[in-house]
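Engineer: Each chain, written out:
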Amino acid sequence: MTEPLVSVSDLRIGATTDSGRRVEIIKGVSFDIAPGEMVALIGESGSGKTTIALSLMGHTRTGCEIDGGTIRLGTSEITAMTERQRAELRGTKVSYVPQSAAAAFNPSKRIMDQVIEITTIHDLMPRAKAEARAVELFRALALPNPDTIGSRYPHQVSGGQLQRLSAAMALIGSPDLVIFDEPTTALDVTTQIEVLRAFKAAMAESGASGVYVSHDLAVVAQIADRIIVLKGGEVQEEGDVEQIMHAPSHPYTRELLSAFEPKLHASPASKEARPRPIIEVRDLCAGYGHMRNGEPLAKVLKNVSFRLERGRNLGVIGESGSGKSTLARAIAGILPPYRGDVLIDGQEMLPDLAKRSKEELRKSQIVFQLADTALNPTHSIGAILARPLTFYHGLKGRERERRVIELLDMVQLPAAIRHRLPGELSGGQKQRVNFARALAAEPELILCDEITSALDTVVAAAIIDLLKELQRELDLSYMFISHDLSTVEAICDEVLVMYKGEVVEALAARDMTAKAQHPYSRLLISSIPQLDTDWLSSLEQDPELVKQFALR
Amino acid sequence: MTARTSLLARVPTPARLGYRFNLVGRIGLAVILFWAVIAIVGPIVAPYPPGEIVGWDYFTPMSAEYWFGLDYLGRDVFSRILMGARYTVGISLAAVFITVTAGVLLGMVAAVIGGWFDMVLSRLLDALNGIPSLLFGLVSVAALGSSIPILILTLAAIYIPGAYRYARALAVNVNTMDYVTVARARGETTFYLISREIFPNILGPVLADLGVRFIFIVLVLSGLSFLGLGVQPPNADWGGLVRENIEGMSFGAPAVIFPSIAIATLTISVNMFIDNLPTKIRDRSE
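Those protein sequences? They're chains A and B, same order as listed.
Position one of the first sequence corresponds to residue 1 (the working numbering), numbered consecutively onward.
Position one of the second sequence corresponds to residue 1 (the working numbering), numbered consecutively onward.
If you're looking for bench data, these hints aren't it; they were derived computationally from the structure.
All clues given are correct.
Here are some chain A residues pointing at chain B (derived, C-beta under 7 Å): (1) Ala332; (2) Ile334; (3) Lys358; (4) Leu361; (5) Ile366; (6) Phe368; (7) Thr373; (8) Ala374; (9) Leu375; (10) Asn376; (11) Thr378.
These numbers were taken from a predicted model, which means no experiment stands behind them.
A virtual CB, placed ideally from N, CA and C, is assigned to each residue, including glycine.
Isolated chain A (complex conformation) (with noise of 0.2 Å):
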């Protein structure tokens, strides 16, 4: 084997708190990084893999300090660099794409300006050189129009283009590394495609490395030769992606793969009568706006139709700007729709929260994605789940508690974390107590916005989990927003496929993929990574149906 271009060996870093109490980070982590190789570090949030591969440039979080280990990039010791040296190998000899393309260009500031900026800063090359290089590497991202993108500015262009911008604001200097941050994490899955082609593309044609640091197996599976699986802050496993995939060694990496396997929901088998469906839309409007002759300036929602019955559970699929959310927040009342019924149990929901009773508000619950910023920050667990049982059912005193204990019982949380704050608890813990709160109302009908989305892999399934159980127990309905098809398919009936605001299909769950007949849900479906290797070379769409539909 050729002499490899990175070296890190028992690599430790580490933090002091706001209270002066130190913590290791990263425990002693060693790996190799040959030329030419891409290498993925994965594992789930906390797990340091972004600390790491910041680590490589020599860069830490404001906070951490690189304690021991060294890191060798070709021939210079970084670890033993001074900052200065550090600075001039950034940019020429490794570089970084980050995860929010956006939030990385400056939006006053053309394009071009802020992408042969390198060449700039270390003296590279001229200015004509370097735009020429430049309009080259937009070439190779698949970018359209790569003669002029560069006079552009960042608002101009689409979320996967600025993606592909910023990776060409990486390779212009000629690195040796570059450093991959979960770059299409925000992206939407038929963007996501296209980023992932021009970026593998584009490192094969400049035979740098790369380290590409995802929480997802599948798109990791696209991109790297090798994996390496974190967690804690210490390297579980390490091997060829083949290797990793089908002959998992380690219970931790086997645990992240059965995350990913595809469990077909089946609903309980209640073949029982029902008298009406749980929720019943018509023709469902809703925007945001001034309102002018009783519509709003921005019409979101289009019309959507549709119903649900009882026991079972409706997910709707969608990009970003699909309106998913926006059709939970008109049912809800949030938003009130401007026209079109929603019936929940039979009956009519004026449009209006405020009009709303308090039995009709009690049917209908709503879970909203980042558990964050759902929890107030200055109530205890126990006071946030005593809230709607003082409100909708009058409970007090040791009752209160009981039920209180019960609830969080049934989310599978210890009792004593009724005294702590939303601070205090990891964010899967997080998102059961929000859950468990919607529960305290006992509802029927419980709208998830996203609400596994923002969660790591392991811990989305142990929540899916919990809301397949509590439906069995409690006789629940769930509408399930997402954006993830595999979470849909393990927890729904039936779904939705929304489009600008409208709904272009529904389908069964159970074989959504065989028979979407809609042009998008088609594009959407197909677009979703697989755990293959092969998926992303081997995926051949439409690019009439690209170009109609996905907003690159």
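Take the given structure of chain A and dock chain B to it, following the hints.
Structural biologist: Below, chain B without anything else, positioned relative to chain A:
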């Protein structure tokens, strides 16, 4: 531990809940409490009647008889400072509490209700803000006469728009949080939303604002006294004491130095206290 006691156990004792604060904050609190006590008992413990001319000399140095010397008319400065505490501390504290309470309440209500209510209220208070503070004081005192309740209300009225703007800006941010949306979707009233969901989350910055506004009020009160619109002679607040003895500056007379020190101790300790409140109150987002 039964269920009931464990819930109750959460409420009391600052220390166990982490409401502990450091030495600087404690010193600040001690000074504030000291002046608050003086404001109440000052006239009783004062060695001489504050309005009476007790010596034949003026701008005398410190002595065992007259601790802080005599002022420009030969009155005892120590007694006058003790008496002035009642006006400065009393009027300023009363005014700042009215200001912040009214401003925060209106700000939160405007943020939660929004729409026309917010628009009209904001523009009205902006208009009030446009009147120069001393001019406003001049007009209201001239129209209504100078009495302590009028002074308190005037000072409060001057600073309500600022407190309102600040609280509204904070509340608007909190109002968009999902937990407020969840509470609203549950069907909660506006009162519940502002008192339980929003207020605890803006408390820290509001308290810091209170500290700054307190000092502004002390300064404007002194300004009004300077124009003869504040506390009326023979009584005087601390700002008034500084102003009436300002000629003593060139003699280094304690009559002008000590009222200044009194103002400084009060304003600095208020800020020391506010800046060192327990982290749990100052930064509740953690």
